[in-house]
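So the protein lines, in turn, are chains A and B.
Throughout the first sequence, residue numbering follows our numbering, covering 256 to 840 in sequence.
Throughout the second sequence, residue numbering follows our numbering, covering 197 to 918 in sequence.
One or more of the hints may lead you astray.
Listed next, the in silico DMTMM-like pairs over lysine to aspartate or glutamate satisfying Cα-Cα at most 25 Å (straight line) [unchecked claim]: (1) A:Lys336 - A:Glu480; (2) A:Lys296 - B:Asp538; (3) A:Lys800 - B:Glu555; (4) A:Lys834 - B:Glu495; (5) A:Lys788 - B:Asp566; (6) B:Lys829 - A:Glu786; (7) A:Lys805 - B:Asp566; (8) B:Lys427 - A:Glu339; (9) A:Lys823 - B:Glu494; (10) B:Lys835 - A:Asp804.
Treat the hints as calculated values from the structure; they're not laboratory data.
As a plain string of letters, each chain reads:
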Amino acid sequence: MGGLQKKKFERGSATNYITRNRARKKLQLSLPDFRRLCILKGIYPHEPKHKKKVNKGSTAPRTFYLLKDIRFLLHEPIVGKFREYKIFVRKLKKAYGKTEWSAVERLRENKPTYKLDHIIKERYPTFIDALRDIDDALCMCFLFSTFARTGKCHVQTIQLCRRLTVEWMNYVIASRSLRKVFLSIKGIYYQAEVMGQLITWVVPYQFSHDHPVDVDYRVMATFTELYTTLLGFVSFRLYSSLNLVYPPKLDSNGESEPKEESEDDYAMNSESYLEKLSALSASLARVVSSADEEEAQLDQFPSEGEDMEKMEAREKELKQQEAQKKLFEGLKFYLNREVPRESLAFVIRCFGGQVSWDKSVCIGSTYDVTDETITHQIIDRPSVGKQYINRYYIQPQWLYDCVNAKILLPVEDYFLGVTLPPHLSPFVEEKEGDYVPPEKLKMMALQRGEKPGNEQEEDEEEEEEEGEQEEEQEEDDNGDEEDDEEEVAEEKNLKKMEEQRSQGKSLHVKVTPGKLKVENKARLEQEEKAEEKRLAIMMMKKKEKYLYDKIMFGKKRKVREANKLAAKRKAHDDSEKAKKKKARK
Amino acid sequence: MKKAGGKTALKRSKEEDEEQNQIFNFNRKPADEDKDDDLSDSEDSVYSGLEDSGSDSEEEEGSDDDEEEGSDDNDDKMKEKKEGEVSEEKKKHEYEHDSSDEEDIRNTVGNIPMEWYKDFPHIGYNLDGKKIYKPIRNKDELDDFLDKMENPEYWRTVHDKQTGSDVVLSDDQVELVNRLQRGQFGDVNFNECEPMVEFFSSDVMIHPVTNRPADKRSFIPSLTEKEKVSKLVHAIKMGWIKPRRVEDDGRGRYYNLWASEDSSILARHKMHLPAPKIPLPGHHESYNPPPEYLFTDEERALWEQQDPADRKLPFVPRKYSSLRQVPAFSQFIHERFERCLDLYLCPRQRKMRVNVNPEDLIPQLPKPKDLQPFPTTRSLVYRGHSGLVRSISVSPSGQWLASGSDDGSVRFWEVCSSRCMKTVQVGGAVKSVAWNPNPSVCLLAVALDSVVLILSPSLADKQVILSSERLLSAQQEGEEPAEGNGSVVWSEAEGEELNQGLRLKIQHPKAVHQVVWHAKGDYLASVMPDNTSHLQVYIHQLSRRRSQNPFSRNKGLVQCISFHPIRPYFFVATQRSIRIYNLVKQEMTKKLQTNSKWISSMAVHPGGDHVICGSYDCKLSWFDLDLSTKPYKMLRHHKKAVRGVAYHRLYPLFASASDDGSVIVCHGTVYNDLLQNPLIVPVKVLRGHVMTHDLGVLDVTFHPTQPWVFSSGADATICLFT
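In isolation and in its complexed conformation, chain A is listed as follows (with noise of 0.2 Å):
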């Protein structure tokens, strides 16, 4: 046995982690600025695959982020900013103890800022990538953006974020990319298709917000300081892409021109201007004055088989994707006081729609109440005073309803004072075997273009189809347990002969006329197959029997969880139906 005893954690993985102490103190930075440096950064800590290695034999919880990250981080030219900037607080402590207040002044002139247009090239260093993260820097900017002005985080930070907000609403407005809409109890969720990529954004609804105590601010403003960057480049791209001008500005030889022109004479400072662009009516200006858009034509190419159906599929999908970007084109909508303005503003120019409102509720407003070709009035109250004959006063979920089903929905159901029908989430999917909602089955229904003829009726039969379903569903579910009660059938039988026999001593030999058993074929080779796959289970390795239990019990649940609910609804729908009834009564 020669050569060097190996140490231990001196070799693998033990040196490619480093604690989060060692990590701050390899820095020479303290703790916050070591968050604000990961946060910026994009440094997270790792799991280790093995923890008890890593933290050298110990099993004490400790966060671990990999060497090279920090290696990495020793490098950061912000680094040196933060250091400035700790000394530029004690130096303006100093001036402030001494009172030296032209010292004072002179610090605070030259406060040491930072930029960070470095370190977003550099944690994305593509567009794509930038625009594939930008979900939660949305969601932050809107969320700044409806802060009051008061506290919590600065003033310029939230005007950032409401100036950035509006470009994005616009770029989406202009590229009509807003692909879904979900009205939930959390906020107004968005999805849109930007450059192939699908991004998710909420907004919160138009409340003052209740700054709870337990969170720390200081985290989120560092947060949003990185996202309103990546946002502001990205917007700037992406306008660009547009042949936009950035920062926007409204186009100018709109129809709503005069009117602009007279606002123009007593107040076109940069605050109004932006309170302009975020009423979300006028249309943007062009670097080059654009002709019509050219809608991409996909080529055709010659192909066979599967790339053909593919193919065609693709077209179709492109298809519809155009119509739904047309879906309100031709319409003129206007906005009662008590809706979400801005919400709706956005979602019906988004689809190409036109839209105005009172003057008093905001800005740009470009037509009146009593335009007569208004189309539909949304509405959000009981009941209206003066209605006009020809446009229809419709709930405001009608629109998020149209635009997740992609086609212009029946206005019946949206009515003044009409039981809304349920609202759905867009962004569900159901595969095979998950709950289907009735409603959505019949938005696919009238997706596919049938009419609902007597909708009752529909419904009825549907979920009675449904139920037969799911019976079947159970059956194949029990399907071995199946054989177990036939076997308990025959047992019974048998107990019952027993039993006469015990009881008379003797068999009583009887001849009845025999049952013709009619053999369902197909059936019979179904439990045949299912008797197939249950031995075959049987000679599963143990590993494998593990897995395959695991995938079959989470299976298993969901199927419970989607009878759960259908019976849930079915009670629910009785329990409609017998009221109905009564009141007929």
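Place chain B on chain A using the hints.
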């Protein structure tokens, strides 16, 4: 000087209420004084110290003009007064100018409370030191009142305390009082809003304000300044002071960051794990979800009870009838914050999610259909026993089935008709029955208590019966009392028992659990499980009525035994292992490790190279004797203890019976080629027995020629599956 004198005169005159014109004079005084100051360059001037305020003659002139204009009105009066009083003024001038008690010079007591003179007849002294006497006061209240009523001057009469006399104010004085009360200037003609004279303006005058020569310091460069500047210069040189930064450091200024998507910036290293996106909301989260997604009362109660970490949904689904009723979500900021924390604090790890189609996990086995024949259905049930049937055995011809039960009887059944042909009461719970495998004899070994009985059921041809009788009786003649073994006693059945078919009794020292025949039918072995002694197994030779104990040492509790079908080998299964002994060489050849806790049963393949063994811990192990001493395959098909296992003699089938009430028939092909391992495929799960006292199927055996399987259960029945 003149003016000052005028001023004092004026004051006095006011006191005396005589020279009304003086009032005007007094009022004029400040202006005059101003004039004086201007003209005389008085040293009190506030501005005198200032050097740079150049004197401006124009302005001065202007001001002079103003003054003149303002004073023009009163010029005449002033002149008169001056003439009249010149002498007096000059006399008192110096004294009065700076005295504070100049007010009243007739009474010299000064400014004291006049009450002090209340009790005296005088009220002070005049300038000459003579007493000033109080005027005779003859006025009482009544006079006062009358005065008030009658005297039209009463309202303007003032009592002068210092002289004690009443003074009637003149019209001008009354006017003055009124004006002062109203907060106006006493002088009617005083202009409050006279234009201001700009002494110091941007215009450079030819005359300086002061004529003082410039200081020396104004010619010599300042040392302190120099020091300060040099300090600053040094600080700038050293980089301590930086030039003022340009405002707007680029915050909110964006450009095309990805203009050149160069690959110079390295992509993140391989260990980078992008954060997972937030899951998208489902129907639950809608503000108006379908009714089935709302919580029922129980679900809600459960939700509230659960720990927040265990909850399936972090919120309670709610339904609002319209959009305007939706309130703010109180946890919104929290959720964002949590997300932030997750992004930078949560350790990330790549978890390989098994994305396996469960169907792929199922092994591909030959279809049972292709492996027929094997028993599939329960076709016959043999009823008659009243206790659990512990053991069954089929005659080598396949026509008869013997069963031993806890009710103390051995029954013989015809296989095809399920008729019970014969019942033999043996008087004790039967542990084991075994049919002699030799087709030319018809004998049955029965183990109960500590006896092994040999029965001749006479259920065969006469020839066979005869031959079996001969086998039993032949030895009697040979060496009758050859029993030298001591503990085992052979005895003949007699009387009634003989009629029942009982032929021989082999008395053992302990309770016998199992009895097996050798393939030739001459030898049989019995097991008496006992942990403490080596007397556990006996091998009996029927033809010679001889018994011997092959083992001299105790190797553990013997569970079951078996003869090798072809070769002179003997299998002994103890609790956890199977030992194979060579009977000829009288040595152990192999020891098989079963990896199970407690062996219950064992069966040897008719080829002799494979053994299966069932155990109470639900396992069935298949041994390939040529391959290894470890099980070639462990089958965990049963959910409860395996009670019995059996091979088919002709078909590649084996069966196992278990306490869960099922018999599992497997197809086990054994290839002649030694290189090929046996293929084991379960082909059928047979059920038919009812669980009684937690016991299911106790024994299983195959039909010798047909692919049929018999099973005996704790429910006192025997089933035939075909």
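These are the hints, each one checked on the structure:
| no. | hint | in the structure |
| --- | --- | --- |
| 1 | A:Lys336 - A:Glu480 | 15 Å, holds |
| 2 | A:Lys296 - B:Asp538 | 15 Å, holds |
| 3 | A:Lys800 - B:Glu555 | 11 Å, holds |
| 4 | A:Lys834 - B:Glu495 | 24 Å, holds |
| 5 | A:Lys788 - B:Asp566 | 15 Å, holds |
| 6 | B:Lys829 - A:Glu786 | 22 Å, holds |
| 7 | A:Lys805 - B:Asp566 | 31 Å, violated |
| 8 | B:Lys427 - A:Glu339 | 23 Å, holds |
| 9 | A:Lys823 - B:Glu494 | 13 Å, holds |
| 10 | B:Lys835 - A:Asp804 | 15 Å, holds |
Of the numbered hints given earlier, the model fails hint 7 alone.
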